[in-house]
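Asks: Each chain, letter by letter, is given below.
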Amino acid sequence: MTEGPVDRLQRWVKVLDQDRCIGCHACTTACKSENEVPLGVTRTYVKSVEVGTFPQVRRAFQVTRCNQCADAPCVAACPTQAMYLRPDGIVDFDKEICIGCKACIAACPYDAIFINPDDNSAEKCNLCAHRLEIGLEPACVTVCPTQAIFVGDLNDPSSKVAEIVKREPVTVRRPEKGTRPGLFYKGATQATLDPLAARRPDGGLFAWATQGGEHDPGHVTSGHPGRPNSSAEALLSYDVGHHAPWGWRVSLYTWTKGLAAGGLLVPLILILAGRMSWTDAAGRWAAPLLALGFLGVTGILLIWDLRHPMRFYLIFTRHHWRSWLVKGSFIIGGYGGAVALYLLGSLAGSVPLRQVAAGFALPLSLATACYTAYLFAQARARDLWQSPLLAPHLAVQAVLAGAAAMLPFAQWLGPRPAVTALAVLLCGAAAAHVLLVLGEISVTHPTEHAHLAADAMTRGRYARFFWPGLAAVASAVAAPWVGPAAWVPAGLALLGLLAHEHAYVQAGQSVPLA
Amino acid sequence: MSRSADVPRGRPGPRKRAAPAGPTARERAAAEPTAPGPASADVPRGWPGPRKRAASAGPTAPEGAAAEPAAPGPASAGELAALGERVSAARAAAEARGETFYPGASRVHLAAFPPKERWDDWVELSSRAWPAREEHHYMLVPTTCFNCESACGLLAYVDRDTRQVRKFEGNPEHPGSRGRNCAKGPATLNQVTDPDRVLYPMRRAGRRGEGKWERITWDEALDAIAARIRAALAEGRHNEIMVHIGRPGEDGYTERVLASWGVDGHNSHTNVCSSGGRTGFQFWMGIDRPSPDHANAKVIYLISAHLEAGHYFNPHAQRITEARANGAKVIVLDTRLSNTATHADYWLSPQPGSEAAINLAIASHLIQTRRYDAEFVRKWWNWQEYLTECHPGLPATFEAFQRVLATLYTEFTFEFAAAESGVPAKTLAEVAEVVAGAGTRFSAHSWRSAAAGNLGGWQVSRTLFLISALLGAVATEGGTFPNAWNKFVPRPIHTPPHPGVWQDLSWPEEFPLAQNEMSFLLPHFLADGRGRLDTYFTRVYNPVWTNPDGLSWMEVLTDEAKVGCFVALTPTWNESAYFADYVLPMGHGSERHDTHSYEQYDGQWIGFRQPVLRAARERLGETITDTRQVNPGEVWEENEWWTELSWRIDPDGSMGIRRYHESRAKPGTRLTVDEYYGWMFANSVPGLPERAAAEGLTPLAYMRRYGAFEIASGQGALHEAEVPPGELADLGVTPIGRVYTSAPPPRSPNIVPLGAPGPDEQGRRPVGVMVDGSVRRGFPTPSGRLEFWSSTLAAWGWPEHALPGYIRSHVHPAGLAADELVLLSTFRLPTQIHTRSANSKWLDELSHTNPVWIHPSDAARLGIESTGDLLRVQTEIGYFVAKAWITQGIRPGVVACSHHMGRWKLAGQAGLASGGMMATVGLDYHDTTWAMHVSDPVRPYESADPDTARIWWSDTGVHQNLTFPVHPDPISGMHCWHQAVRVTPAPPGDSHGDIAVDTAKAREVYRRWMEQTRPAGTVSPDGTRRPHWLMRPLKPGAGAFALPTCERGSAGSPR
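Protein sequence lines, in the order shown, are assigned to chains A and B. The opening position of the first sequence corresponds to residue 1 in my numbering, with each subsequent residue numbered one higher. The opening position of the second sequence corresponds to residue 1 in my numbering, with each subsequent residue numbered one higher.
Read the hints as simulated data drawn from the structure, not as lab findings. It cannot be assumed that every hint is accurate.
What the hints assert, rightly or not - Covered stretches of chain A (in silico footprint by chain B; criterion: 3 or more residues with CB under 8 Å from a CB of chain B, positions within the stretch not fixed):
1) 23-36
2) 58-67
3) 139-147
4) 159-165
5) 273-281
6) 379-385
On a predicted model such as this, the values are computed, not experimentally measured, just so you know. For each residue, glycine too, the CB sits at the ideal point set by N, CA and C.
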């Protein structure tokens, strides 16, 4: 820290002394009690891992909860500032303005946030800010039989937390994610800190509990499903159930949004390329109606996915610009406006109006297609989504979707050159998509997380979407050569793209983070 | 009586949100330009800060802050700094006001607890409404946790508006638990709001166990049960009345009631729990519990899992952890990897039953290397008596004893112990050196675990104490105390005489040395026709589920010829209550009165359990005369229940019972709990009246306010205290130095149970022991010293075990077939409450299944492929089907299964709306063969608590105890829990939770074990049933000890 007024601020941090922790779960129930946390969700719990081989074996504990990051991904991702960083280091939240979009959950590298089923708002550990406020230690600190948890001001050199953090070997979880956690572990082992260091037990079982998720398609069970990161024998013996934040609606939204973007983008490309005129019916009516229709569906899906759908407007009234969910909403809104203007031009028969609208729509359609790459990248620990090629890939997908969707209209309404051009465009986009996907899955993944996600996509739970999806899109490469039947591979391409989106979105969330 | 709060609410319902005063901070923030935050770019546009400033700015905030208006606009660095200062000043301000500051773990200015001066009206902010400041006013009322034997302090937060308990925290005024709790403390709230709990007295309407019930009034229950007992007593059927205690949670109340009835009717769970451990200590010290001073130890030696489940889990875990931080070494003997084992510096995973061999190898090392405390041994061991009796040819000198001692344990080499235990000799030698280096700072504890698992398990604690006694680490700082030095049981207002009868069903002749009641043999004794029960009470006890051989229990409990009337006093429905005639709802830890005192460090304290809503409403000025006025539904408590029942048994006082339940202040009226405890606290707790007076309180009011009181600390070595001259009159001194006096005993307010050595031939009472020419208090043993050699064991038929030694377990590898494994079935999880966990949703969510731990090598050998695969575990009398947990945390050749799980209800009981977190089972039987099958697992359901619809697990584990036969240890009487089992992959058709048992086979095993006994009729040296000096809860009068005839006892083999 530099000199200045900031020095006088507190920096609340916690130390979890795993050398003292006996894994009794007093903190778990005291927190449930203090914060009235329902069954099925937890603000804090004690993960445990059995390390070693008999008789050299131990059970390692890790008190697991929000890391109070100085660079909190959840705060950046939250569209409404419901999740916010207090200058004293506490990452706090306000349930009254949470829209339930789950962006914070997707963003958190520790999977420490959940939606409370009682109020549908996101919550997590906030160091019992309501107790600090009245001069009391957090409930978990007070209850702990062995005093393994303590809180304090890191900026106060005489505090116990400062003594430990500054003088003793401490670790944080996932430092590579650059979040600068305010939760320091003393005596923790890599077997617990790394979510993939320990093997996931078979049979849906832990040592004294079940893993849950029997009827939950989005359930994420902790532990490495195969050969764990650590060469030491390490078996996960307790963890709570986790849940992928974004389900089928988000998978579908990426597809409808691609269609909406490509629906106008592709005709505009054709017009610019001279394969269609401003007056052709396909460009004049089909394109804007397609784009607007799917934009509408996209909006419905996005709002439907909110746990507080009636609060969706807060994205626009409470926004902050670090959230790509906010930027995306404005981009979609802007694109929707441009498409509407274009449609107005169609209705008014005004080519200049459409040309002006197209000037806006062209870049906005690309932005609509591509912003999701940045939204997903805000989920810092979901490594599959961190690909730098994701944005161009989304542009390719938009072209693919737009070409496939426009092709039947062009066949129906003409003009002939557009049909040929669309088939070629479809062929090219499909080929590019297939190449990008093959590149994605054949490359050596930089992290075990990305590797496991790709594995889930290509060999695991989502392979049944992934491979048919890829084959269906690949069939569209044949579009220029099948004549009037080109609508068939076009339709297959659209279905294939939908399957791909689902596999990609879900596989990206299938790897445990806790 | 009042019927307030009929249905407890699942969770405190939606609360009133305080109307925000004007625009919220967010609205203000949105309306104003953002100041660029200097701290980081992350500073959002408005850290809202408190949305609504409380009228008083936080209960501990300094007064100056109170008037400060809410600053509009975004929180600036300055405002935060002000907040920091305000909070920092909290401690100083609280102390300046003369309030108590309870420092917490963090050693910062934050308090761990509200100052006790504000417990009447403590203002907290709602966590749900945060960051809006929604205030709630609470009255903080202490009570005691009822969820294990540790009796930790709790502080109930009673909402002053709703008069409901919002939460339970620890009680900082409690000297044992010091404000801290385990998971089970906060979970008390679940029990209180449990939608399944019993709220009204119920009487069975159909056949026993049929599941038909009718709600009755307390008067109906009291009158019917009192009439039965009155008739039994009038007809001399005293032994047909029995009260069987599960979780006692109190010191002596129930025994006192039974004594007032003149019945020997106290039964306990102790022989399925700790009596193996107790026996070893009892024969050494005349006191059956150790009190290790872990906090000050240099070496801590634990045989069992004291960091998660051992006796006094939370209080001991605190102190063990302190000692570790100060450099103490921890040695843990536990076959499975417990949470305790994981923290051990030395984890020894012995072959089950070999623990005493390890202890003896260490003892032998101390002896051979002459690193024992010879001076302590010379002064405090009964070596002289041993030489006189066993080596009459030797001179009775200490040197002679040392020479004998040096030869006694030579066969217990590290190699021998290694061969028995499977722990490498090198490790044992290393551990022995660590022990040798501990000196008198060696704290040791063994309680259940190995002592409860094995035939001869009592020698585990006897050999463990041998190490302490060799090191002289007895009642030293960092050593192990006799518990009576650290326990205080205040004398009550009325003390009825010892009953004049002897209950053979609990204290049969075959077990003259049994530490506690032979409770788990009761169904067999009833089946043998040894007696019948007219009225059988269970109290927070679930015999069908808890005991081995539960189906034999079911057979007798459903037989009205054997058990005339079964009354279940219980806070929850359970597997036994389903077969009762009356189910009478009793309170949880925050709904009942009890006192207790437990040895958790070198000090003496008493704790007070109380109905917190009663205390709260009394503080608010109400008069409560009956706990039912404040408890949910018509839930009562036993104190008042027993008084009322006793009164109705003897309405006119003619039976001599009523006077023990009568007010002294207002003769002719019932003794109230206020008078009972008021008298006790005023007259029997030294220092309490003075301390209370200093706060302007009566002793009772003090205890109602603070819940606990420390009477003394730093007791030290009470056995070394010189007996005051006033107690020395007409002395008789035996050749081994036992001193008798004819001076009357001083009346002590402390009636802590301990051994009671008898008088000498002149009728003088033992007062002490002669040590180097002065009379010291000594120990309550026949010799007055620590009994290395037990004259009692020698005289009562077991001379071969009179010294600490090694008895091969019934599961010793030499006795196992090639395909048998040892099953450890006793271990506890830190998150479960025996048979009450299914009424605590948070605990069940954390732990709800008990797979069988099995080592990968065994799994591979037996063809068990993966964790989660079903196993069939075959015992002597049947089998159970469970899932496999393949783990490195268990010794090869041994499997383990936690004992909490497998809670069930019969399909026919489904109409009760009870047992929502228990599986529904079908139970079929044909003659003596029983089969249980889970028909419906746990599933979400609708109730007053929205959380029951969120139950996400279905597995409830398996009730393995049903498949265990009884294994009574012939000396201690302990049920020896370990089982020799065959484990196979479950055949097709088996499903999880299946149980099959043949109770005819259970009878055979019972008879086989009975053959090992040496009945009093054949071994008693003096024609009595039991050595009179040994401890016994509710000891009958001396006359009842006489054996009825000398011919009886045919069930045992002669010596």
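Asks: Name the hints, by number, that the structure is in violation of.
Replies: Hint check: 5 and 6 fail, others pass.
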